[in-house]
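Colleague: All chains should be built: construct the whole structure from the sequences, respecting the hints.
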Amino acid sequence: MPAKRKEQKETPKVGLHESVISYKDAVRWTDSRTVTIYGNINGKRVPSRILEEFIQESVRDGARNLHIHADGQHGIGGRLYPQGEPIRITIEGPVGQRCGSMGMFGTEIVIKGGVSDDVGWLNCGAKITVLGDATNGAWNAAAQGILYVQGSGGARCDTMTKHNPRFDPPQSWYLRDVGDSFAEFKAGGIAVICGVNPRNPRSVLGYRPCVGMVGGVIYFRGRIDGYSERDVKLLEITEQDWNWLCENLKPYLTAIERIELYDELTKSPNEWHKLVPYTPQERRQRRWFKVSMDEFRKNYWEKEVGKGGIFAEYVDHEPTIIPYIVTGEYRRYKPIWANEKYAPPCAYSCPTHIPTHKRTALIRLGKVKEAIEMVLEYSPLPATVCGMICPNLCMQACTRGIIDMPISVKEFGKASLELPAPKKPKTTGHKVAIIGAGPAGMSAAWQLSLKGHDVTIFEATDKIGGKIELCIPEHRLNKEILHREIERFKEVVTDIRLNTKVTKELFEQLLKEYEFIIIAVGAHKPRKVPFPGSEHTVSAYEFMRDINRGKTYDLQGKRVVIIGAGNVGMDTGVEAFLCGAASVTAVDIQKPAAYGAELQYAKQKGVEIIWPKITEKYVPEEKKIYFTDGTNLDADFVIMAIGDMPDLDFIPHQIHTEKGWLVINEFFQTSHPKVFAIGDVTGLGLVTHAIGHGRLLAEYLHGELMHAPITRDLRPRIPYEKIKIDYYERCRAVTSLEQEAERCLSCGSCRDCHMCEMTCFWGAISRVEKPDGRFEYVVDDNKCIACGFCVGICPCGVWEMVENI
Amino acid sequence: MEPATGLKLDYNHKLTIKEFPYIVRWREDRCKRCGQCTAVCPNGAIKPAVKYMRVIESGGDTPKPRPVRRIIHVIEQVDNMENYCTGCAMCALVCPNNAIEPEYNPQNKFLFYKNRGGEGYKRGGRRNDPGVSTLDRIKFTRISMLTDPALDAGRHEFRVRSYIGRILPPEELPLKVEDGRLVVDKSSGKFIPPVREIFPIMIGSMSIGALSPHMWEGLAMGVAYLNEVEGIPVVMCSGEGGFPPRLLKSRYVKYFILQIASGYFGWDSIIHTLPYMTEDPAAIEIKYGQGAKPGDGGLLMAPKVIKLIAEIRGVPKFVDLPSPPTHQTKYSIEEAVMKMIQSMSMAFGFRVPVYPKISGTRTAKAVLNNLARNPYAAALCIDGEDGGTGAAYNVSLDKMGHPIASNIRECYLDLVKQGKQNELPLIAAGGIGKKGNLAANTAALIMLGASAVAIGKYIMQATADCLGDEYNRCNMCNTGKCPRGIATQDPKLYRRLDPDKVAERVVEVFKAADVELRKIFAPMGRSTELPIGMSDGLSIDDKEMAERLEISYAC
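Protein chains in written order, with our numbering: chain E, 1 to 805; chain S, 1 to 555.
Errors might be hidden in some of the hints.
Reference listing, derived: stretches of chain S covered by chain E, where coverage requires no fewer than 3 residues with Cβ under 8 Å from a Cβ of chain E [what the hints assert, rightly or not]:
| hint | segment |
| --- | --- |
| 1 | 46–59 |
| 2 | 246–254 |
Take a look, some chain S residues computed to stay more than 10 Å from chain E by CB distance [to be verified]:
| hint | residue |
| --- | --- |
| 3 | C34 |
| 4 | A89 |
| 5 | P130 |
| 6 | Y331 |
If you're looking for bench data, these hints aren't it; they were derived computationally from the structure. None of the values given here were measured: they were computed from a predicted structure. Ideal Cβ placement from N, Cα and C applies to all residues, glycine included.
Modeller: Structure below.
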C-alpha cells in the first residue's frame, strides 16, 4: 500500500463506460514502490483512459516498478514525467497500439512479447524493449530514446524519426528484419537491423526503404533489395561505426536476452552496411541525369543511328554550336565598301553625266584647276550651257538641296569659260562626218576629235552653235560667252564646212567617204497648225532667228498672242516685250510646259498664260483670235510657238523616220548601220540633252572604231536616304568654289572622312592606300560582326550590307 | 504615283511607330554602339542612324547664346512593315548594357497594314489570345484526405501510363484457358488490335523542315533517353516531313509515331526502307486537319528545301512543297478513314496502331462515331484551336478551329453513351501548357476524357526557349529566320541551338511533368490507372462552362 496515501480518491466517472472500475480492483501494491496493474478485471477490460489514470496515479503515489497486465490498451507507459529515479514497467498480455508513446527519459519499458502498431510513437526518451516482434509503424516520429526489438519490425517502421540536437539521437534496434517502406522521411536517429534469420530473406529492409530520408543512419546486416536512390546512399561501415556497433550491441543483445548472438553479429564488419541520406549540399550538386547527354549520344544514340546523328549524311558543316554574335563566314550579312556603286543624283540627272561630285572632290584636295578642266572631257560648251542656258537638271536633283541650296553647278560652268582648249591626241585616221554644227553635232565632234578621230562638220548656215546661236535670246545668253567657247571648239575641231547644206547627193557621197555619218541637224522647220488665218502668223523660230540675226520687229503698243506656252513661247514673249509689245498672252491647249528660268523671266515681264485654249481661227481684219470655246482675244500680232520639226529632205528612203523624226536605237543608230542621229532631229529636247547625246554617241563610235569595249554608265541613282544629311550644317551664303566643294555631300562616293573606321566598335575597318595613290576602306572579316554601323553612319552612303553567302 | 523619296518629304507614306506591334526602347545613355543588337536582329528592325542635335547654351551673367551642334549615332527602329520589330528581344539578349529592348504596343494597328501586295498576313505560332483558356480555369477540387486512402505522390509508387490502340472489352478478347493458363485462341480468327503503352503526354507532330535538324534531333534524342534511361515511354510524332532513314532503321523507331498527311512527303523513302526496319514504329498518325489552321494546308517555301530536307522528303532541292488542305482521292468520311487506315495498317502488317488526327471541330463526333465502328481505328486525335504551326495565315490561326476542352468532352461522353469509353482512346492537343501549366492542363483533359495529350508549342518553349507568345511575339517561324534556331534551315541560325541541350530539357520537362501529374492524381486518390473521364474531380469557376463540360461549378 502506498504510505502517503491519505484518502481514497473518487474514481473518475467519465466516458462511455457503463460500469465503474475501482482503483482498488485494478491496482495492487506489492510494496511502496512496486505495483501490479490489471487491464482486465474479471473479464472486464479496463478502458485505455482509465488504465492511463491508474498508471499516472500510481506513479504519483510512488510506484517505480510497474507490472502491467495489458488488454490492448492504447499508449501504455508513456508520458511518465521524470521522478528522479527510473520507472520500470513490464508489460505482458496483449499490448495495444502506441505502447510507450511520448515516453520520457527515465521510463524503461519491457514488453514481454510482441507489441502492436506504433510502439514508441513520438518517443521523447523512454527505453523500450520488445521481447517479440514490433508490428507496423514502430518508432514512428521518435525523437529520443531507445527501442530494442527482439524480433522483426512491421511495415513503415522508423518513419519520420528525428534528432533534436539537445539530446542524443534516438536508436532503434531490430534483431531480424523490418517490413516495407522502412525509414520514410527519417530525419535523424540510428537504426540497426541485425538481419538474424530474416522473415523476408530477399531484403532485411523490405521494399523501397528510405523514401524521403534526410537524416540519421541505418546500419544493417544482410541482403537488401533496393532503396530510394534519390534520397540515400549505400556505404561500407567505417571503423568508428564498427566500434560503436560492437559496443552497443552488447547492451542490446543483453536486453533482448540474445547475448549468445554477439559473436556471430560481430564476426566481420564486412557483413554490415549503412544507408545515409545525401546531404543538402550533395543533393544540390547531384547530377540530375543518370547518364549525361554526352554519354547518351555516344553510347546509345549514335550507336543506334550512326556517327554524327540522324542527319549526318545530309549536312556538310561541323556539328559545333555557334554563338549569336559571330564573325567571318558565320555572319548572315557582311558590309561592302561600295564606293561609286551608285551614280550621284547630279551625274545621274545630267544627260552628259558630268560628275560634279568628282570636281568638288578635286577642289577639296586643293586641285581647283583639275576640277575646272575636267568638264571639258564632257562638254565643249560648259560656260554657255552649264553656266548660262541649262535648267541644270543636276542641281534640281542635288541632295544638298534638302539641306539648303543645291551645289551651284552654274558657277562651275561659268568658271570654265577661260579654259584653254585641251590638247588633241595623235590622229587615229578614222573619219566621221557630222551634219549640223548645233550643240549635238558640236558635242559629238568635240568628243571624237579629243579621241583622235578626224571629224568633218557640215553646217548649212554660216554660224556654229545651231539653235543656241539662232534661237536663244540675248537676254538669256550673252553671245560673247558662246563665241569664246566656239573659238575654243574650233581649236579642237578644225574641219568645219559652213554654208554647206547637205543634199541627197552629198549625203550619198559622204556615205562613201566616211566611216560613220552623224545627223545632228536639229529641228529648224517650224510647226504650224493650219487654222483659218494661220498664214498671217509668225513662227517662233523665225521670230527668234530674225531677232538674233539683228532684224527688229516693231511691236510698239501691240497686243501679242503666242500660241504655245512652252519655254520657247516664254522666250518669245520676253522678246516681244523687248520689241515694245503692250501685252503678251500665251495660250496653250494643255497645261503649259514652260518651267524654270524662262517661265520665271517671262512672268516677271508680264506674259500672261491662259489654258486650255484651242485656236479656231485668226481674223487679221478684226485683229482677233478666236478659240473653240467661243472666247476670243485681241491680237495684233500672233506668234506660233508650238515647236519645230527637222528638215530631212536629204536622207535616203532606207533611213526610217516616224512622224518626221529620225528613228534611232539605244545607240543612236538609224536604220542605216553607218548613220547615226542625235539631238533634236530625234525629238525635241534641251541643249544639255543634245550635248549628252553627242558624248554618248562618241563613246559608242569610238568603241566601234577602235574595237574597244564600250563603257556606258548604267548605274542607278543613289537612293537619297542613303546620304546622311544630318552631318551637315545649313549654309547661309557661299562665296567661293572651295566652299561649294565643302558643301557637296559626295553622294555614293567616299569622301575619305574616316567616319566608318572611327565608328566601328570592333576595329574591323581600316583605310588602305594603294600604290597609285588611290585608297579604299577594307573590312577584316575576322573582326566584323556585321552590325551595319558603317552602313548606317556613312555620310556618303558608300557602305552596303549584302548577304554573306 | 511614285512615292516621294529624298528630295520631297512626304509623311503620308510613313507609318508612325505607334502602328507597330513592338516599339524598340533604346537608351542613348547606356549604349556603347557595339552593334550587337543590330547584328543579331532577325528582321532588320533596327539600324544605326545619324542624328543631329542642336542646343543653345548661354553662359555668363547675361544672355549669350551659343548654338552647340552635336551629331550622334543612334539605334533607330525601322518604320517599314517588312522590317517590323517582332518583339523577339534578341537585341536585349545580346546587349551588354541593357540599353535596348522591345516593348509591346497594345495600340498597334499591325493587322491593318500587314497585307502588302495583297497577301494576307502569314506567320507561325499559335492563336494570339493571351486570355486564360478554359483548361487553365479548371481546378482539381476533389481532394482525398480522409475519405479515400491518402496517397503521397513522392512516397507511393505509381505509374502514369496510357494506351494508344483499340482495347477490346474482355468478353471480345479471343482468349481461352489451356492447361490452366490463359492463352490467345488463334482458332477464333479474331483480330486483336495492336496497343502501345505510352506516357500520356506525347510530343505532337512537328516535321523535319518545319523544325531545324538540331531541334528535331534534340527532341528525338530526348525521347529516346526518356525511354532508354528513365523508363518513361514518351512517344513523339514525326510530322509530315519524312523520317530520317537512320532513325527508321534503328531500334529507337519504336518511340516514334510516323505521320502521313496530304502531301505524303517522305513516304516513298519510308516504304523503300520498310524491309530494313528492325522495329515497328509506335503508331501511324493520319493527319486530316491541324488545330492551328483548320482547312489550310502546309507550305514549305523553296528556300527552306535544302539538301537535307530534299533528301528526307524525297523531292528535288529548292522547290515549293505544298501540302494540300485536304487529302486528294478521298470523298467521304467512310472512304477517307477506311482507305487510309487500311492502307497504313497493311503497310506494317496490322501490327501498328493507326489513328487519324483532325482539327477541333463541331463535327468531331461524326468522325468519332465512324471510327468507333472501324475495328482498325486505334484512336482519334483532336487538335484544338490553340495548336501551333510553323506557317499559316493569321486569320486561320486566330479565328478558325474549336477549343479542345468541350470538343474532347463531348466526344468522350458520346463514347460513354455507347459504352466504348475504354475502347477507343482520344488524344487531345492544342493549347496544352499555353500558360506553362503542362501537367495541370494534361490532367484536366484526361479527367475530361482524353487518354493522352500531344504538345508542340510548349515543348519548343520549354526546351529551346522559343520566344513566341500570344502577344504575337516573334512568331516568324514561317520566314526561316527563327532567331533561336528552332524553325529554320539556315545553318547559321540553327547551329545556335545545341541538340544535346534540347534533349536534356526534354528529359527534364517530362520527368517534371511525371512528378506533377502524380502530385495531381495522388491527392485525388488515383494511383493505379489514369483517371480518364474522372470528371467528378474537376470544377470550374464559370457556371456555363461547368454545364457544358458536365463538371461541377466551384467558386
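Colleague: All hints, please: hold or fail.
Modeller: Checked hints:
Counting residues of the segment 46–59 of chain S whose CB lies closer than 8 Å to any CB of chain E gives 6, which reaches the minimum of 3, so the coverage claim holds. Counting residues of the segment 246–254 of chain S whose CB lies closer than 8 Å to any CB of chain E gives 5, so the stated coverage by that chain holds, three being the minimum. The Cβ of C34/S sits about 4 Å from the closest Cβ of chain E, inside the 10 Å cut-off, so the non-interface label is violated. Every C-beta of chain E lies more than 10 Å from that of A89/S, the closest at about 12 Å, which supports listing it as non-interface.
With a least CB separation of 27 Å from chain E, P130/S remains clear of the 10 Å interface cut-off, as annotated. Listed as outside the interface, Y331/S is consistent with that label: its C-beta sits roughly 37 Å from the nearest C-beta of chain E, beyond the 10 Å cut-off.
Taken one by one, the earlier hints fail for this structure only at number 3.
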